[in-house]
Amino acid sequence: MWQTLHDLSFGLGVAVMPLNLLAGALGVIAGTVIGVIPALGPTQGAALLLPIVFRLPPATGLIFLSGLYMGAIYGGSVTSILFNIPGTPMAAASAFDGYPMAMKGEGARALAGSSLSAFIAGTVCIILFTLFARPVAEYALTWGPPEYFSVMIVAYAALAGLGGGSLVKSSVSVLFGLILTTIGVDVITGMPRITFGTYDLLAGVKFLVVVVGMFGVGELLRAGEENIMAKAAFRAKVTAKDIFGALKEMAGYWKTFLRSTLIGFWIGVLPGTGATPASFVGYGLAKQFSKDPSKFGKGTLEGVVAPESASSSAEVGSLLPLVTLGIPGSPTAAVILGALLIWGLQPGPLLMVDKPEVVWGFIASMYIAAILSMVLNLFCIPLWTQILRIPFTVQVPLIMFLCFIGGYTENNTLFTMWVVLVFGVIGFLFKKLGYPLAPMVVAVVLGEDTESSFRRSLIMSNGSPSIFFTRPVSLILLLLALALFLFPLAAPVMKKWQKRPTPAPVS
Amino acid sequence: MRIAQNLMAAGVVLFSAAVMVQAVQVGARWVEGQPGPGFFPFWLGGLLFLCGAIILARAALAHDAANGHFFEKRTGMESVVKVLLTATGMLALTYFIGFRTASVLYLFVYLRFIGKHKWTTTIALSLLIPITGYVVFERILQILLPRGIYSGIIPLVD
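Taken in sequence, the protein lines are chains P and Y.
Sequential numbering from 1 applies to the first sequence in my numbering.
Sequential numbering from 1 applies to the second sequence in my numbering.
A few of these clues could be false.
Some chain Y residues close to chain P (C-beta under 8 Å, calculated; not the full set) [what the hints assert, rightly or not]: (1) A23; (2) V26; (3) G89; (4) L107.
It is worth saying that the hints were derived from the structure and are not from the lab.
A virtual CB, placed ideally from N, CA and C, is assigned to each residue, including glycine.
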């Protein structure tokens, strides 16, 4: 414990060195710009800037990366809330209530709430991280493929409730997303499959392309129809009043906040999952546990607090297996892992012993980056509102241009640009016809891991599906998934049942 | 609206059937001590088929569901088609003249003829955006954007 505190203060000392502080600030600015661009998120940003970053010394380079990371997350939330175009996938859930708030003229409050909850959750999780690093990772290590499979089923089941009305349509969304990830070369056997007879689909349909298409182009089409893009009108500045008002309101949502933070942290710790599913699960659970679920989606601050705190927690949580075990907890953590390897640093328990300045400097710099990006985000909002003044007919070709390039960066083929356009149409149709997009997006992220854990489990049990029900942790997770899935069906029944004992009002 | 819903559900059914057929082709059974590559997609396709069928069946049984038109206004459909057609045109042009020139033309056409902006604004923006894009993506980030078959052959096309 004291050792941990000592290490952390040592790391803070490394992070506040002038050169490192400058690198962090530059990272935040670059990250915010990247985050605001719908096509680029922290993963792409980190990946694209790697060639520049790895020329810096490791400690400085990592601080730049964490600045980039945090900046991109904050920048993504800004466009998500103001334009309903998630700059980053993990900010998609923030748009569910953030955008309606912006439309009501409460954009400043939504942004303040989003920054504050991300910042506070991040702080809580850094403390959790330093306390529980080893025990938590060791417990997760005892899990086998069946447990991983079951925990992903929990994520899908929680999401199906988020779809609101139709369970069938939410299920279509999840299944469609999962099938997309099976397109291309099968990782286990190397066989090409579900390619619809084309060679272009051999490389598969990647998450980035789906997200840029469905959210970027799909939203352009929808906005084009209703011509709503530039309608969001709100005060241009975030004032101290907004910040304190948001803080005061957030105090009432402490349960939601705590739930999102803890779940987000845990989801982040699980390898392969990251901030995106965490934010959706955080939002879904907040809605399901709420006394008044109907207020969600219409612009309540609680609907911003829940996903923002969950995704920020997951970001920190995803670093836990990275630092302690060398397993990335999220796609961005995977890019950071790549950077560490380029510097010749092998993440794992040994790195904590050999190069404490790198590990703790990185963790401390996450914290400093969070402060920097919060300040930048809160006080540069007049700058973002300038983007809103751009007429819709300029925004359309500009965003389309960026979406095409964003999809193209996935594997540098013109074909992916067409795929972006096709997913734009699919996203438009889904939205118009009441199929929720969120479950599909999460399914696309988790699909590969879902399949490999499913197949590994079956190999372990020699083909018997009973393996998922006979292992206690897996069984508990599956029962939880069933409960979450059936919750929307049970909720109205329970409400009726609760009402029955009260006598009819005499009038 | 109802027709659109049914078409979508039919599309889901067709898609899932196509997935199942392809999954069977690569082996959806137990092969050499492990599930074949088509195993997982086959069962996903089966579940998706079921979901699509349920939506279709419900629509056939219900009489009051889903009123209204898919597009509420005629102008709504027009602008969606405009956004889609111009984007498709740009990608098609990219095959011939490359992404850079195609994006200049795309921006020019969209801004001038759909956006009805002034000539000066149109020309300034349709040059400024692709050039900034070129500097940021090709120069700084080293992403080479696609070239067309006439890139570098016709003057000014690159």
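The hints, checked one at a time:
| no. | hint | result |
| --- | --- | --- |
| 1 | A23 | holds, 7 Å |
| 2 | V26 | holds, 4 Å |
| 3 | G89 | violated, 11 Å |
| 4 | L107 | holds, 5 Å |
The structure does not agree with numbered hint 3 stated previously, though it agrees with all others.
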